[in-house]
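4 protein chains.
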Amino acid sequence: MAAPEKLSDIVTSFLDVVHDRLVGDRRGAVADYIPQLADADPELFGIALCGLNGRVYESGDTHVEFTIQSASKPFVYSLALDDQGLDAVHARVGAEPSGEAFNSVKLEAGTGRPPNPMVNAGAIVTTSLVEGSSADDRFARILARLSAFAGRDLSVDEAVFASEQESGDRNRALAYLMRGAGSLTAPVAETLETYFRQCSVLVTASDIAVMGATLANGGVNPLTGERVTSAETCQHVMTIMATCGMYDYAGEWLLRAGLPAKSGVAGGLVASSPGEFGLGLYSPRLDASGASVRGVVAAQRLATRFGLHVLHRPLTLSAAEVTAANDELAAGLGAEQDAVATQLLQENADDLAVWRLRGYIDFDGAERLLLDLDSWLEARPADRESPAVIVLDLTEVTQLQSVAVWMLAALATWCRARGMRVIASDPQGRSLGVAGLSQSAGFDDAVRDAAAMTGANPDD
Amino acid sequence: MAAPEKLSDIVTSFLDVVHDRLVGDRRGAVADYIPQLADADPELFGIALCGLNGRVYESGDTHVEFTIQSASKPFVYSLALDDQGLDAVHARVGAEPSGEAFNSVKLEAGTGRPPNPMVNAGAIVTTSLVEGSSADDRFARILARLSAFAGRDLSVDEAVFASEQESGDRNRALAYLMRGAGSLTAPVAETLETYFRQCSVLVTASDIAVMGATLANGGVNPLTGERVTSAETCQHVMTIMATCGMYDYAGEWLLRAGLPAKSGVAGGLVASSPGEFGLGLYSPRLDASGASVRGVVAAQRLATRFGLHVLHRPLTLSAAEVTAANDELAAGLGAEQDAVATQLLQENADDLAVWRLRGYIDFDGAERLLLDLDSWLEARPADRESPAVIVLDLTEVTQLQSVAVWMLAALATWCRARGMRVIASDPQGRSLGVAGLSQSAGFDDAVRDAAAMTGANPDD
Amino acid sequence: MAAPEKLSDIVTSFLDVVHDRLVGDRRGAVADYIPQLADADPELFGIALCGLNGRVYESGDTHVEFTIQSASKPFVYSLALDDQGLDAVHARVGAEPSGEAFNSVKLEAGTGRPPNPMVNAGAIVTTSLVEGSSADDRFARILARLSAFAGRDLSVDEAVFASEQESGDRNRALAYLMRGAGSLTAPVAETLETYFRQCSVLVTASDIAVMGATLANGGVNPLTGERVTSAETCQHVMTIMATCGMYDYAGEWLLRAGLPAKSGVAGGLVASSPGEFGLGLYSPRLDASGASVRGVVAAQRLATRFGLHVLHRPLTLSAAEVTAANDELAAGLGAEQDAVATQLLQENADDLAVWRLRGYIDFDGAERLLLDLDSWLEARPADRESPAVIVLDLTEVTQLQSVAVWMLAALATWCRARGMRVIASDPQGRSLGVAGLSQSAGFDDAVRDAAAMTGANPDD
Amino acid sequence: MAAPEKLSDIVTSFLDVVHDRLVGDRRGAVADYIPQLADADPELFGIALCGLNGRVYESGDTHVEFTIQSASKPFVYSLALDDQGLDAVHARVGAEPSGEAFNSVKLEAGTGRPPNPMVNAGAIVTTSLVEGSSADDRFARILARLSAFAGRDLSVDEAVFASEQESGDRNRALAYLMRGAGSLTAPVAETLETYFRQCSVLVTASDIAVMGATLANGGVNPLTGERVTSAETCQHVMTIMATCGMYDYAGEWLLRAGLPAKSGVAGGLVASSPGEFGLGLYSPRLDASGASVRGVVAAQRLATRFGLHVLHRPLTLSAAEVTAANDELAAGLGAEQDAVATQLLQENADDLAVWRLRGYIDFDGAERLLLDLDSWLEARPADRESPAVIVLDLTEVTQLQSVAVWMLAALATWCRARGMRVIASDPQGRSLGVAGLSQSAGFDDAVRDAAAMTGANPDD
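Residue numbers (full-length UniProt numbering), protein chains in the order written: chain Y, 1 to 460; chain F, 1 to 460; chain U, 1 to 460; chain D, 1 to 460.
None of these hints come from the bench; they were simulated from the model.
Please note that a few of the clues may not be correct.
The list treats identical chains as interchangeable, and a pair is accepted whether it falls inside one copy or across any two copies.
What the hints assert, rightly or not - Using 25 Å as the maximum straight-line C-alpha spacing, the simulated SDA-like pairs for lysine to any residue come out as follows:
#1 K106 <-> D169
#2 K106 <-> E166
#3 K106 <-> G182
#4 K106 <-> E5
From just these sequences and the hints, can you work out the full model?
If you want it as structure tokens, here you go:
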């Protein structure tokens, strides 16, 4: 774990902390139903996070290629939705958690529909619903869609594809079952070939982080700026990921982590924090349900530590609180801080910067601040002897996500460690770099993590 | 449907529209397993919405009392969570959608746990986990919790309670089953008495709207200001409502409506839009799964029309777009509007008000604006002959929820209908009261609804 | 319904009674998943019964060919048992009623075994367990086995086979499912081809009656005298037919009818009464579970009317009863009868025949009597003017099956109608041709049926 | 294992052989859900067999009392059938194997019927269907019925009853479930009290052997001669025992053992061989499904060794074979044997006895022979020096059950060991006491067992 060199390295540092804590977890076993998966190095472990501005933060083996497998399902589902519409797709596949394994044969009585697009049966149906003038054309469109989500041209691992074809008896069974039941109308052999090929597309942890970020960003790839799909489609995809993505313990997953996610049997796991970022994890050892052991723990840890649960309500300050706070600011410590800042501003503009934050500060907002500060620090004349002084005006902040609290704390720690001064104009004691940060347990945790990240007293 | 007299009546008007459209829907049948429910007037229909500032908007029969039934489950679950903690509660009851009916007997193999706290079996367990020195004390605490959520002292319908006791064979079976399996350790008769009593608590549609709003508000009752439970508990409760609240079609519900919700067999339905509002619906005719027919349709319509899906990503404007927009503002039509506003402002301060909106505008933000404007209009000297002019500066708005778009449109329509002028300083053509509102289909819908509400051309 | 010309026509007459009663039952619908089945004439109805001496009794359309379909399963199972042994076969397929439809996908957890050899999945496995040097050889052995059971060379309906192949998606699914689970190890395409071919073998109602009789006869074809399989294998096959042959209402079937049976979707139904006869039914209209409506009712009526339930205990006379009966015989009416018989015997040997029946008289024993009497009557000089007198000595009969009681009563009626005299030496009042036949309800029924059969007063 | 003193002790000796072989089997565990069962001596092991003449053969702990538990179900079902009729009973309880555990909660969709009368839920229904003017009267009738089946006045273990009442949560659940579903209409508390009381009736292995024999004997208790129920009811009861008596492996049980049977959780197991005998087994260690480990193995061994499968077809000789055999008899060895017998008969009538066996010889017939011979031997003057000579004329035997073959072989061995001569007049080489007994593997086994029983070379 390298010390952060730039402010924006703070995010990388946190990924490093999670990586280092989990790398010793050797539970689970590599998938072995085909030789190519069985041969995977079980020690590999990569964590990547892609923000909505397209910056990708990485820790560990984030550039090792692996086959996307079931993590392809949400993205192909998005293509089926765009080709056929929500109603037409769900006339052929349900939207209910199955309470069963990923290769369940349970079809809905009467309709013959598989339970949802995240189990194999449902994914075979969504693959068959992608339009195309031929099987080749259909797969070309799928590969183009996956590539657009990832922001680079992806390719197929032909050896894995051949093995999947050979060992795919159960999927072949599912397909024939659905054809018999009428929920699959396309030819079985062709559809399965496309499905196996889609599962054999090679990606890295960084790729799937970008793919998740594209969903989180309402369909615009934050790396390339390309609109891949609509915001509405992303909402549908993330809903299905939230309720059905983690197979038979979807409810528990939503309760504990609260993030839309999807795992693949090669060890990949993609998650999306709507409006915030995408997460790409890779570690080949799987739990009993076929999800990456370290991937699940890492995603869960990031989600709970950072308060990223989709039903999490950010800390909100009432108007009354803001007014009272402003009064305090004028009269007390806050005012003094302000006075110092003003004096510094007058004395030497090159050494001083002020950022006013407003409204709801989440990961995305905090990340923008880090990147802005990095730019300012880089632009500052290298020969300045006096330390930089940064003023963060939080007066008009109305909501603070836990992850943003942690990022501001880490920012302050990072700056102080380099001799800079950070002065927060914050009337409610949410100040950074001064006493009074300990409103809540979650907050404490964040601060301890931040300290750990800059080298001081990591306590767990 | 009365015409709105105050700006904040706009919300009521919309509830009226929904009410009037659905009141003719007579599908379903009143529950008849006990005489008290069978006797309910099937025509009753009430819709109530409670914002996070405690204002309750109402349409129809929102003051008729009915028994809360299963809609009590999320709130008693919150009490069990607070008494025992998340892990202890879920050691005894699962968190998975059951894919089965509300009175399913399916217990988890090995643990004997019922699937989740929203089916009867699970709710009996959570009731048993509420602490109390005696059965009476336990129920007193439950009643106090329900009352705190509702913001008034609730009471029990003793006749319903007696009938529930008498007809409760299946629930009795569930309780004995769980006692045999070890997931229920409390005495059966006592626990069921408490459970039946909790189901027999009398509420109105308005009450449950406040209850839902308290969840949406992170545990603080917006009516009374009382903190009823923690934000963390509310997150857990709403997650379970989202995944398990609508019984066997939970996944479909989350895909289509995307709101945590819970129905009761007397016809009540409570829903929460986190950070926005609570919804209380009442209509006694039930569908096959035991949920209010009109309640389900109304909740779904409100959720989809207003973009309230928990995984909905608001429209976001990039920094580049904002800058460009500001430039346009200076050079073009926007600037002209601004000039008019400035001139008006100078000429007659009594007739002119400017509101600057910033950041993310959702239902809560838009509602505050309506209430503020109402106050200003009321405070304005009654003898002014010149029309009021209202300027809405949207330049620094970065995100607009669909419902807020609709509310601003309705505001403009309302004001113009009363001879007021509304000038929006909005460089991106999101202006209200001028041409150019038609960016999206959702937006169009909103505008049409707004027009309908003020009497002009309702087209469906 | 022709009047019986020979004594052994009595059995045919009873089949005619059943045929005529049920031919008006037009419930159910012809299978329509392939055109060849859909085109079947729904009015066809054939009943055939084959005794253990190889005589086949027929009523209705017993020579119309149809495809054997699932009625092939017990016979191919017998071949798998002979090739692999009971344990090896049941290591790959269970022996439990599935409580599910014939095309159920339920496999046993852990082993992947289909529930039993009578559902499609299980039958596919047993087909795969038949030995053969090639697919052709394997099918040749199956066809030879079916032919040996039927006592003639059977052939395949190639058009049905082609259609089955085309429409067999669900069976293909089952096969892939089992291959994935390890219970099927043979290649899917080849195994299914053999399976579909086996289902397309053409048989008549008479053929399957002989097939059932071969099972009932402990593996020796009563028509050809060929030993087709062992008595032990027949016991296994009939057990599986008894518990699993009638799909999801196997228990009810065993309770009500108590005969091992198997139906096919083309309308065939084969049943075996161990040690008694085989039954072949054909009528294309099917009930919801896919069994011939008339076939099920006919088999049930024959089984209950004739007391053929496998757990039925025949009427037994204790030693004391027999002794007392002998004493009565000497002293009373019986003796008188005997005296008449002796006198007749002395006077004219050509006109008199005595049959002594001993031990347990069942269908098989009574049928032998009918055939013997026919032979004697045919051999009797045609110019005899005096009537034949037949003496049946029942003194040493210890057990009488219901069907035998009925057959003896019918014999007496037939003879009397032709002016013959029948004198029974039966001390217990079981005499035929004299008063005192009415010991039991079952007996009454038999007599009424017998009367009906010879033209007198059919009352239902 | 004592040497047999009388011919009829041969049966006892065989039970001893089975007892001694299995007594070392200590698999399984004593039921421990109530203290009274947990305290049972796990070493106890009793085997009793009751023939249709009322003779009870015993080995081991056949007089130790234990509670009948679920083995009461078939007998109470018989009472419900007699009180209500088959159709009325099965309108409330199904007849299908459940494929589930004895305490399954699965009720039939639509009807709410439990699957069959042998699982707890079904047995609670049949108990409720027994008529009675009061709960006491109803139980008095049940106790009278059980006593009539056993042939002695039975009583209740009040301590077990009290414990069952206390620990009966799951059964209580089942009862409430069925009351909710309409299949149970009687009051729950009262019905369960009766049910628990019926389960607490004390019996011995010998008692349940008599109970099973009464079923096998068509409803007449062979000990008391009392007609307890009708033959038709016995057929229904034994059918349900055959298909549903052994819980979730009923199909396997019927395939392997082929005997109607029912186990109880205290270690009792009752089986019936229709027309042959009843079997009572007792050993408290249970397998996973709650059936006595040794009981299951012993019943299975007796059934397979003796060819008692209900679908077993006895060896049958055709008429042609019998005629040919008679010819051989006159001409050859058989004739010579006959000549010896005739000579002995003339020389000394006191020393010679001839038995002619006819028709179908099963356990019941062979047992009668043993008892007759015992009587003759006892009646023979004690001072005769010359050995007794017994002639068995088998010429007219048409069918031989495996168990009868074995009994005749054992008879011969027993006689020879005491210096007596046994001469069989049997043209087909089925002779006993001479060479040529080895037609079949089953026969060999029987002979080896017989030898073992008389002390010579037990080989396993």
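| message | Of the numbered hints stated earlier in the document, which are not met by this structure? | response | Of the numbered hints given earlier, the structure breaks just one, which is hint 4.
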